[in-house]
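Chains as they are written, first to last, in our numbering: chain A, -2 to 374; chain W, -2 to 374.
For the record, the hints were derived by calculation from the structure and aren't laboratory data.
Warning: the hint list may mix true and false statements.
To be verified - These stretches of chain A come out as covered by chain W in the derived footprint (C-beta under 8 Å, 3 or more residues):
1. 51 to 65
2. 78 to 87
3. 197 to 207
4. 233 to 244
5. 250 to 262
6. 309 to 315
To be verified - Under 10 Å between C-beta atoms, here's a sample of chain A residues computed to sit facing chain W:
7. P223
8. V224
9. Q228
Idealized CB from N, CA, C, for every residue including glycine.
Protein chains: 2
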Amino acid sequence: MSWPNNRLTQLLGIDYPLIQAPMAGGMTTPELVAAVSNAGGLGSLGAGYMKPEAIRQAIAAIRQRTDRPFAVNLFVSEPMKEEAQRVISANRLLAPYREALNLPEPEPLLSAVADYTEELTVSLEDSSEMWVSTGANYNEQVAVLLEEAVDIISFTFGVPCDTEVETFKKRGITTMGTATHVLEGILLEEIGIDIVVVQGMEAGGHRGTFIGSAEQGLWSLMTLIPVLADQLQIPIVAAGGIMDGRGIAAAHHLGAAGVQMGTAFLTTPESGAHPLYKQALLDTTEMSTVLTKVFSGKLARGLQNRFVAELSAAEEQLPGYPIQNALTRDIRRAAAEHDMPELMSLWAGTGCALCQAKPVAELMRQWLDQAAQCLKP
Amino acid sequence: MSWPNNRLTQLLGIDYPLIQAPMAGGMTTPELVAAVSNAGGLGSLGAGYMKPEAIRQAIAAIRQRTDRPFAVNLFVSEPMKEEAQRVISANRLLAPYREALNLPEPEPLLSAVADYTEELTVSLEDSSEMWVSTGANYNEQVAVLLEEAVDIISFTFGVPCDTEVETFKKRGITTMGTATHVLEGILLEEIGIDIVVVQGMEAGGHRGTFIGSAEQGLWSLMTLIPVLADQLQIPIVAAGGIMDGRGIAAAHHLGAAGVQMGTAFLTTPESGAHPLYKQALLDTTEMSTVLTKVFSGKLARGLQNRFVAELSAAEEQLPGYPIQNALTRDIRRAAAEHDMPELMSLWAGTGCALCQAKPVAELMRQWLDQAAQCLKP
Chain A
-2 MSWPNNRLTQ LLGIDYPLIQ APMAGGMTTP ELVAAVSNAG GLGSLGAGYM
48 KPEAIRQAIA AIRQRTDRPF AVNLFVSEPM KEEAQRVISA NRLLAPYREA
98 LNLPEPEPLL SAVADYTEEL TVSLEDSSEM WVSTGANYNE QVAVLLEEAV
148 DIISFTFGVP CDTEVETFKK RGITTMGTAT HVLEGILLEE IGIDIVVVQG
198 MEAGGHRGTF IGSAEQGLWS LMTLIPVLAD QLQIPIVAAG GIMDGRGIAA
248 AHHLGAAGVQ MGTAFLTTPE SGAHPLYKQA LLDTTEMSTV LTKVFSGKLA
298 RGLQNRFVAE LSAAEEQLPG YPIQNALTRD IRRAAAEHDM PELMSLWAGT
348 GCALCQAKPV AELMRQWLDQ AAQCLKP
Chain W
-2 MSWPNNRLTQ LLGIDYPLIQ APMAGGMTTP ELVAAVSNAG GLGSLGAGYM
48 KPEAIRQAIA AIRQRTDRPF AVNLFVSEPM KEEAQRVISA NRLLAPYREA
98 LNLPEPEPLL SAVADYTEEL TVSLEDSSEM WVSTGANYNE QVAVLLEEAV
148 DIISFTFGVP CDTEVETFKK RGITTMGTAT HVLEGILLEE IGIDIVVVQG
198 MEAGGHRGTF IGSAEQGLWS LMTLIPVLAD QLQIPIVAAG GIMDGRGIAA
248 AHHLGAAGVQ MGTAFLTTPE SGAHPLYKQA LLDTTEMSTV LTKVFSGKLA
298 RGLQNRFVAE LSAAEEQLPG YPIQNALTRD IRRAAAEHDM PELMSLWAGT
348 GCALCQAKPV AELMRQWLDQ AAQCLKP
């Protein structure tokens, strides 16, 4: 029995093959990341939306709290084009929410990038299209991670380029990629990524699909893990719907070297989730999540609420990611300030009915004991 | 460690908690059912589409081949109404396929029931609607099972009524129901069903959802099993995407008392699947299944082919189940006779990339050895 010590724990320098998912948007506080790493797992900072200087500060804050390894996650995004008309239409749909929250009406086009990350650029040379690029921001984010000598970098929404992978290898950085179907897993291995996180359809938050449509990358761990395990050499991490020792043991038998858990950490006191978001998760007893693009333009799984219900009919007319994400940002932020979960993005995996409100160390001990009981030699 | 002996094996009188799924439409030959039971599992006759006399003959044929327990599966269907115009439109869409297969053009409305099961009834009193009932056939099917003193009956698409459940209990018959979400599982237990088969979104063939829409009953086993295990007292059987000992071990740890496997048995020499259907399954390496209603009017998972691709745009305009199933029956049958898999329904679960062409006894030994290795105390 190779549990808990295996290639994954050796590569990452951790005690237990349990990774805290890099949930972006303020969930992964330094307290959460450090608590997971201090308990023998791998904490992850979800830095995809963070400005370079904020990442640097968060890394320092984590290092004040732990001397164990942790990961930082970045979004690998392609530059994307969007029709100006879609942005204007989306702002029209969002106007009633802004009014209810006393938010100013934004400049129709600039709202797509303003107050989001300073590196987004807009070009309005052609009056019918706008061009938004996130590339510059990503490169600056990578630069901070190299300067800070981060040990482990994980990637979502794509693959770093060859020269980047080479740089990471030279510096001894361990890399993790996210795959939602077989082809993506094979590609990540071929490009030289060290570990593949396999995101099942169970996972909360954004779908990591980068080849084909997200709707066609919705496979469950029960088959995705063994099919990929038969085809890959590098360690596989199972992500999605794993909520306790039962899921950890199941993932192990399916062929995963470890697990990545996100939703299960959201209701800990260490997580940065809004108190009403935590309560909504704890109140759930059914498998009531939905897949929606209304918050960000990219398919994501979360709890159903008023915002999802009201905008879902217009879903296919909304701008793509990250533009729609920028458009709804002021609304989500104000909704959180006003304690209105009905207008917040309440990302959650299909296992959210199993959420528990306990500190990280206690939860991890419980899960690992339960898994060890299942897997004892 | 309660594996392999537990409440499920005791209830069913079998050696290993492994059930062969009752795949309807000629897949579950007496040879397949008996081979599974003889190997220590539970074979199941998929009798949902069978006329009462055909069921009686199949039971006799199974009993000639085994003296071990086996199950017979029936469809619990609600009577359903359908607009005549939808049937006429669907027949228009199907005309090119019939022409290519040299099939006669059917009487527009009667084609919905003709040559399907003799018990379907049509009423054309109101010229705009037709009424199709399958109730009579179901009652006659049940009568045969009682006359033949079948030990185990499993149900799909619904719940037997109170008086039926009482009859089964008096006769010492063990009953199994199919649930696709939490509420259905709770209902099955409350009505007195002995065992719940939990059908994950991974499963091939028709979705068993009977409360709410099938699209809203697509949950994966990774979370559906533990969530239900926390709420039910009766044994849970995990069904969907389980293809070998890895899946068996995983299902066990998630909280299932056993597994039901369908697709994994289709490529055995004992199964009744068409040779080109078997070959299509064996050729699959990706997770290339789709969910479609085009063959039957009810959501089902199978391999993508020409018929699915060409009719999917009209999917929501087609008649409901079982009418669309009756309409396409001559086409599917002729396609099989002419070796044209592109027009056949090629039901398959998401794990079909792991199919193996081996005899039942050899496969089951391999799976059970692998599971035992995982689960050894």
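So, going through the hints one by one against the coordinates:
1. 51 to 65: violated (count 0)
2. 78 to 87: violated (count 0)
3. 197 to 207: holds (count 3)
4. 233 to 244: Coverage by chain W holds here, the residue count being 7 at a Cβ distance below 8 Å.
5. 250 to 262: holds (count 3)
6. 309 to 315: n = 0 at 8 Å, threshold three: violated.
7. P223: holds, 5 Å
8. V224: holds, 5 Å
9. Q228: holds, 8 Å
In the structure shown, a violation is registered for the earlier hints numbered 1, 2, 6, in ascending order.
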